[in-house]
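Residue numbers (UniProt numbering), protein chains in the order written: chain A, 1 to 329; chain B, 1 to 329.
Check each hint, because a few of them may be wrong.
Put simply, identical chains are the same to the list, so a pair is met inside one copy or across any two.
[Unchecked claim] Subject to a maximum C-alpha distance of 20 Å in a straight line, what follows is the list of computed EDC-like cross-link-like pairs (lysine to aspartate or glutamate):
1) 144 x 126
2) 145 x 126
3) 263 x 12
4) 37 x 319
5) 95 x 305
FYI, nobody ran anything at the bench for these hints, they're computed from the structure.
2 protein chains.
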Amino acid sequence: MDPGNGSDILPEELTASVESFFDTAPPLQDSSLISHKLQAFIDRNSKSSEGGGPVRVVCVTSGGTTVPLEQRCVRYIDNFSSGHRGAASTEYFFKAGYAVIFLHRRGSCQPYCRYLPEDSFLDFFELGEDSSIQVCQSHSTIVKKAIGDYQNAVERGQLLKLPFTTIFEYLQVLRMVAISMRPLGPYGMFYHAAAVSDFYVPWESMAKHKIQSSSGPLDMRLNQVPKMLSVLRKEWAPMAFCISFKLETDGNILLQKADMAMKKYHMHVVVANLLATYKREVIMVTDNGSINVCSQDEYSDVEEEMIKILVDRHSKYLEQYRIEIIGLS
Amino acid sequence: MDPGNGSDILPEELTASVESFFDTAPPLQDSSLISHKLQAFIDRNSKSSEGGGPVRVVCVTSGGTTVPLEQRCVRYIDNFSSGHRGAASTEYFFKAGYAVIFLHRRGSCQPYCRYLPEDSFLDFFELGEDSSIQVCQSHSTIVKKAIGDYQNAVERGQLLKLPFTTIFEYLQVLRMVAISMRPLGPYGMFYHAAAVSDFYVPWESMAKHKIQSSSGPLDMRLNQVPKMLSVLRKEWAPMAFCISFKLETDGNILLQKADMAMKKYHMHVVVANLLATYKREVIMVTDNGSINVCSQDEYSDVEEEMIKILVDRHSKYLEQYRIEIIGLS
Numbered sequence: 001m002d003p004g005n006g007s008d009i010l011p012e013e014l015t016a017s018v019e020s021f022f023d024t025a026p027p028l029q030d031s032s033l034i035s036h037k038l039q040a041f042i043d044r045n046s047k048s049s050e051g052g053g054p055v056r057v058v059c060v061t062s063g064g065t066t067v068p069l070e071q072r073c074v075r076y077i078d079n080f081s082s083g084h085r086g087a088a089s090t091e092y093f094f095k096a097g098y099a100v101i102f103l104h105r106r107g108s109c110q111p112y113c114r115y116l117p118e119d120s121f122l123d124f125f126e127l128g129e130d131s132s133i134q135v136c137q138s139h140s141t142i143v144k145k146a147i148g149d150y151q152n153a154v155e156r157g158q159l160l161k162l163p164f165t166t167i168f169e170y171l172q173v174l175r176m177v178a179i180s181m182r183p184l185g186p187y188g189m190f191y192h193a194a195a196v197s198d199f200y201v202p203w204e205s206m207a208k209h210k211i212q213s214s215s216g217p218l219d220m221r222l223n224q225v226p227k228m229l230s231v232l233r234k235e236w237a238p239m240a241f242c243i244s245f246k247l248e249t250d251g252n253i254l255l256q257k258a259d260m261a262m263k264k265y266h267m268h269v270v271v272a273n274l275l276a277t278y279k280r281e282v283i284m285v286t287d288n289g290s291i292n293v294c295s296q297d298e299y300s301d302v303e304e305e306m307i308k309i310l311v312d313r314h315s316k317y318l319e320q321y322r323i324e325i326i327g328l329s
Numbered sequence: 001m002d003p004g005n006g007s008d009i010l011p012e013e014l015t016a017s018v019e020s021f022f023d024t025a026p027p028l029q030d031s032s033l034i035s036h037k038l039q040a041f042i043d044r045n046s047k048s049s050e051g052g053g054p055v056r057v058v059c060v061t062s063g064g065t066t067v068p069l070e071q072r073c074v075r076y077i078d079n080f081s082s083g084h085r086g087a088a089s090t091e092y093f094f095k096a097g098y099a100v101i102f103l104h105r106r107g108s109c110q111p112y113c114r115y116l117p118e119d120s121f122l123d124f125f126e127l128g129e130d131s132s133i134q135v136c137q138s139h140s141t142i143v144k145k146a147i148g149d150y151q152n153a154v155e156r157g158q159l160l161k162l163p164f165t166t167i168f169e170y171l172q173v174l175r176m177v178a179i180s181m182r183p184l185g186p187y188g189m190f191y192h193a194a195a196v197s198d199f200y201v202p203w204e205s206m207a208k209h210k211i212q213s214s215s216g217p218l219d220m221r222l223n224q225v226p227k228m229l230s231v232l233r234k235e236w237a238p239m240a241f242c243i244s245f246k247l248e249t250d251g252n253i254l255l256q257k258a259d260m261a262m263k264k265y266h267m268h269v270v271v272a273n274l275l276a277t278y279k280r281e282v283i284m285v286t287d288n289g290s291i292n293v294c295s296q297d298e299y300s301d302v303e304e305e306m307i308k309i310l311v312d313r314h315s316k317y318l319e320q321y322r323i324e325i326i327g328l329s
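One chain only, chain A, in its complex shape (with noise of 0.2 Å):
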C-alpha cells in the first residue's frame, strides 16, 4: 500500500477525454454554495480530535448516477442502486469516528433511515384522540432510535450530505469534494459505492427535444465516461486512502475485473460484489490477499465488518505514512 501511488502522470488521452467531459458538462447551479459548505465541514473536521490526532474524513458515494439521452431531459439511462450499502456505511463510519461527506442520488437511501417503509412513511404514523401525532405501537422503536442516531450525527457537525442525479453532477461535485480533502491528506478516505455510470452522451451531440416515438427503432451511440478514479487517485487528492466497488453478475469475471480495477486505478481495496448477493457477502481484495466478508445473519449488516476491516486498513495506511515522513526527513 504505498501512498505515493497515485501520484503517476496521467495518460494523455484521458487528460484530454476528462477535459472534454468537464468543458462540455452543463455547468452546476449551485456550485458556490456547494462550495462554502464544503469548506466550512472540512475547516471544522481538520481541528484535532478529542483523542489528538487530526478527524478522519471519508467520502462516501452512494446510489447511481444517471446519463440523459435529451438535453430537455425526459428520458434518461439509470444505474441500479438502492444507496442501502452507502447509506449503512456513512452509520458505522460515523461510530468508528468519522466525519462523513454523503454524496448521494437524489431521493436514495439515507443513513439511519434504512428501516423506515421507503413508499409511504404515513403507514408508520397514526393521530391520537387530541389529534397528536403517535408511531404505531409496532414500529415505535426502530422510529425513535433513527431519529435519535441522526440528529446525534447533525448535531456534531459530522455529517455532510450533499446530493446529485447525472452523471454530469457527480462527477463535477466529487472532483469538488477530492479537491478540497487534498489538504487532509492520508487522513481523507473514498469509498466509492456509488453506481457510476459507464457510458453517457456528450451534452453537445445529445438532442435538444424530446426523441419521437413515430419513426421506428431508435439506434443510440454511448461514449465512454473516463475513469475519473484515475484522475482522483493521481491529481485530486493523491494521499487518500481509497476504496473502489466492482459489481458484476458474472461471478466467473469477478475477481479478475477487480483485480484489474486495483492495479488499473491503484486502489487501496476494491469490494468485489455480484449482484445477487451483494447485500450479504463481498470480497475484499487488497494487494495482499483478498477477505471474505459475510453478513452472519439475516439482521446482521455486512457493512459493520466491512468497516472494520476498512478503519484497521486505513490505520495501517497512517502509520506507514508516518513512518515514511519519520524516514524523509
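Following the hints, put chain B in place on chain A, whose structure we already have.
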C-alpha cells in the same frame, strides 16, 4: 364522445406486436396476489354508493416506467416523472367521491405525501424529553393533515396501491386492472399520467450479463413499445372513460401531437403539457375544443381544476351512455 369508439378491431400488425410483447416479457412474480386484491377492490366498490348510483372507479397511473438494458439488470432507461401529478390527482379524485387504483412507480410521490420532504423525513421529527416523538413545530400542521387524510382514504377502502418498476411489470398490471374494471363499463375511468417508455429492448435479445465498459462505445437498438392505449380502448375496457397525457419539450408540436393521440387512440380527453411548465399549466384537448388550465398561484394545484373538469365530462359521458341505453331498449 362516442362510448362505442373503443370497440373497433385492432390492426393485425399491432395485435402481433402486443402478443409478442406479453409472450416474451418476464412473468409477474405476484400476479395472483394482485389479481386477488383487484377483485376484492372492484367487488367492494361496484356496489351502490350512498347516493344510489354505482361508485365511479378511476385507475390513476403515475411515475415513469423503466426499460432494462440487461437481463440481470444493472442499467436501465428511465422516464422522467416524480409522480407528483398522479399523487395530486388521486387526492382530488377522492374528494370527488371516486375510488382510486393508484398504479405507481415504486418510490415515486404518494398521495398526501406531496408536501413531505423527499430525502430525509427525519428532519421533520424530534425526540421529546420523555423520548416521545414530536413533529417540529414548523411542520406540525402539514404532517398532521397528511396522516389524517391518508388514513381516512385507507379506512374507506377506496384506495388500492399497485406498484411497478419496469415497462414489463407496468403493462402486465395495467392489463389486469383494465380487464377487472371492464364490468364497471362507463363508470370506470383511466387517467394515464404515468410516463411510459416508448422504446424497449425485448427480453430475448437483451444482454444476459452486465455490459462491459472496456470495449469502446456502446451501440444500442431499441424497439418501439406497442401502443397499448389502443388495446385498452378496443379490447380490455372498451366502455371506460379514457384520459391520456402528452408531454413534449417543443411547444411547436405539442397540440398537433395531442390531437393525433386523441384520434389515434380514441381518447376522450388528452392533457397536453410542456416539460418547462407542466406543473402549473396544461391544455385539455377534447373532441369539441380545448381548455387551458393554469394554477392560480404557487400554492394552488393545477390538478384541482383539471379533475373538476374531468369529473364533469365523465358525468356527461355517463348521461349520454344512459340515453343511448334507453334509446336502444
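Against the earlier hints, flag every one the structure doesn't satisfy and list their numbers going up. Violated hint: only 4; rest satisfied.
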